[in-house]
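Novice: Single-letter residue listing:
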Amino acid sequence: MSEHADVLIIGAGPAGLSAALAAANDGAQVVLLDDNPLPGGQIWRDGAQANIPSQARHLRDSVEAHTHIQRHAATRVVAKAGSQALLVENPERGWVITYRSLILCTGARELLLPFPGWTLPGVTGAGGLQALIKGGMPVVDERIVIAGSGPLLLASADTAKHHGAQVVRIAEQAPLGAVATFAMQLPRWPHKLLQSFSLFDAGYRTGTRIVAALGQDHLEGVRLQRGNKVEELACERLACGFGLIPNVQLGQALGCALGNNAIQVDAWQATDVAGVYAAGECTGFGGSELALVEGRIAGHVAAGNREAAQRLWGERQRWQRFAGSLNQHFALDPTLKHLAAPDTLLCRCEDVPYAAVAAHANWREAKLSTRCGMGACQGKVCGAAAHYLFDWPPVAPRPPFTPTRIETLIQLESAAQSEH
Amino acid sequence: MKPTRVADVIVIGAGIIGAACARELARCGQQVLVIDAGLHSATAAGMGHLLVLDDNQAELDISRYSLRRWRELGPQLPDDCAYRSNGTLWLAANEQELAAAEAKSINLRGEGIRCEMIPGHSLQEMEPILRDGLHGALRLPDDGILYAPNTARWMLDNPRIRQRRARVTELDGNRVRLDSGEWLSSEAVVLANGIQAVDLCPELPIAPKKGHLLITDRYPHPVTHTITELSYLTSVHNSSGASVACNIQPRPTGQLFIGTSRQFDTLDPEVEGWLLARMLKHAASYAPGLAKLNGIRAWAGFRAATPDGMPLIGEHPAQPGLWLAVGHEGLGVTTAPATADLLAALLFNEAEPIPAAAYAPGRYLGEPTHA
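Quick mapping for you: the protein sequence lines, in order, are chains G and S. The numbering of the first sequence is the UniProt record's numbering, which starts it at 1 and goes up by one. The numbering of the second sequence is the UniProt record's numbering, which starts it at 1 and goes up by one.
Hints listed in this document are in silico derivations from the structure and should not be mistaken for laboratory results. Treat each hint with caution, since some may be false.
Stated by the list, open to error - Think about it this way: if two alpha-carbon atoms lie no more than 30 angstroms apart in a straight line, the pair counts; the simulated DSBU-like pairs of lysine-lysine are:
no., chain 1, residue 1, chain 2, residue 2
1, S, K281, G, K380
2, G, K229, G, K380
3, G, K380, G, K337
4, S, K281, S, K292
5, G, K380, S, K2
Stated by the list, open to error - Computed spacing ranges between beta-carbons, pair by pair:
no., chain 1, residue 1, chain 2, residue 2, range
6, G, D266, S, E187, 29 to 39 angstroms
7, G, L38, S, P205, 53 to 63 angstroms
8, G, R57, S, K292, 55 to 65 angstroms
9, G, K229, S, R164, 38 to 48 angstroms
10, S, A357, G, R364, 32 to 42 angstroms
Glycine included, each C-beta is placed from N, C-alpha and C at the ideal position.
Next up, chain G with everything else stripped away, as it sits in the complex (with noise of 0.2 angstroms):
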């Protein structure tokens, strides 16, 4: 059993659902993956508390009302299958889809570093509990620590206090200057404003960084540090993210070239591999503006609409710039490296201590001589993490790219017969 697209798209985030829609309106016949059950990708993750922008439900709309368009939720790639053509699998199936062109808006996750503390019951990630949240978890009335950097924090904050919960602190670990440097230069893009900035609250604590996550079984605490000072708070839940990292694993494996970690693109939005585009947070983060112009241009470029592209151009450089200001002024201080001890578990999955992992010299031999990085998640938060403590660079990833059932497996010994 398999499927052809004209134009295969991986993820439907802002980007690819933005892609699906140029394409289709451009006649190709598109078809679109998500590995959550709903489309929105990230930023615009629906759930049971979900509050989806009015712009984001009509494009998702639009998208499901599409005839060209055919969606496949909760549906994850796991190998290549010959030369344009992966192999999928969804709870009840795998399978094989063929492409024209293929469209990678694999976006961004958080970047997770560990602290003393961290693997407590009641810290997340600060995009986790945004997610969490919105999918119905409860937190009114609970004490919330939110700490990390960039606006992730304060949108994370801003749900949160929506729900009811009270948001003791947010600890963002960029100095003052750079983040009024950034606020400063906010008018430029109105819509950003409303969205990030209206958020500031008294809480909001510029050059602070977390120490710890305290408490035995379950977070009773946290512990911050600002300059010299430390404070000790208490509270019910800790959120914790570190900015945003490209998903490039996909594009690796298809052998598209990286650039600053992320997956390199021309202004066609088309990578080094013929057939094979990228647009949003994959190709560097951005926020979700940039995402929707860059997956429109992906979209019609590969539907064969170079000129629709092309005049979408000045848009995605005025969103660039925004992208740009923010990755300058929320770049992480390198003492955030030092965060760990050396019994602060770095990989969770294998109960593999920071100071287990920090004594080799490369990923491999750590992961063979700890297994640090290959319990169920395959590295996915640890993988991320020494990259950035150690700059290891991240490895391609071998099939099955997910766990993945051995009977989808199987199927790849017919689908791959004709490169053989």
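Starting from the known structure of chain G, arrange chain S on it as the hints suggest.
Specialist: Frame of chain G, contents of chain S only:
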């Protein structure tokens, strides 16, 4: 340039063979320097199956002796070496294979190796993952498993052993040249770098045989033995094309290793989906319950194979001072202890723990050119 004398013995390769040789030499009082280039090794890629094989006398000698040594070492090995004596189950899928299993059991018992025939109707009770209709199995309860990378590291953790990360670019008897250009010397050099040995000694009759493995997620599964098909014994000695055989091994974590494939004439280190799929399909034909399990990771590695399947252990006939411990194909983890003991005995002119002739490099490289 005058070489620097750095140790009594230089061992090239820190895989399981190099580590076992270094450990044995250190036990004999030698100061050992182990040089490793940090490349992908068969030790890291393999399953770590410890098993007795009896295709011929030489294979039986080296595997039986080694298994006895592993059982002695077992209690000393730290937890992370995951040593277990879980036994091997050789599956017979038809009457012909059942007859082969019976013949094998008679031979093994005659050699003093514990084994028993399991009738087909009792197999599912023993290993519920297996399908109906298998004709029976031969069980070797004293076979085992271990995690070879950590075992090699444990063996190298010895006050008489120093380790150095470097690539050797040239060999000349007991002299070794590093990629830095530096020449090192010692009384003896042991070449134990598996498939990379031919880069330094192109005359060695060693060819890469590629293999694939997959590991599943953790499950509360009831697999106990390492499960292998008897036809493995026939497919293993093919010398061309690609073949697969059913090999299922439980890990102490609750994960399963699923293998195995053999391919010649390729040096492509990538996982090949079509062969991975064929291998998994074959394993699932013996154990249908595998189909619904999640595979979390697959990889490929290379076995260093000689034409007769036996390793080269002993002094290089044309290079006095250079000792070989290479060409173990898929059995390096099993046969590391015997390799190390035999190499040390030959080096010090002591009694051979097992007859050395079948592994002598001279069988391919000719007789010594020196007196």
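Novice: Run every hint past the structure and note whether it holds.
Specialist: Against the structure, the hints come out as follows:
1. S:K281 - G:K380: Holds: K281 (chain S) and K380 (chain G) sit about 28 angstroms apart, inside 30 angstroms.
2. G:K229 - G:K380: 33 angstroms, violated
3. G:K380 - G:K337: The given pair, whose Cα atoms are some 18 angstroms apart, holds under the 30 angstroms limit.
4. S:K281 - S:K292: OK: K281 (chain S) and K292 (chain S) at ~12 angstroms, within 30 angstroms.
5. G:K380 - S:K2: 50 angstroms, violated
6. G:D266 - S:E187: 29 to 39 angstroms: 60 angstroms, violated
7. G:L38 - S:P205: 53 to 63 angstroms: 60 angstroms, holds
8. G:R57 - S:K292: 55 to 65 angstroms: With a Cβ separation near 37 angstroms, R57 (chain G) and K292 (chain S) fall outside 55 to 65 angstroms, so the hint is violated.
9. G:K229 - S:R164: 38 to 48 angstroms: 47 angstroms, holds
10. S:A357 - G:R364: 32 to 42 angstroms: Given a distance of about 39 angstroms, which is inside 32 to 42 angstroms, the answer is holds.
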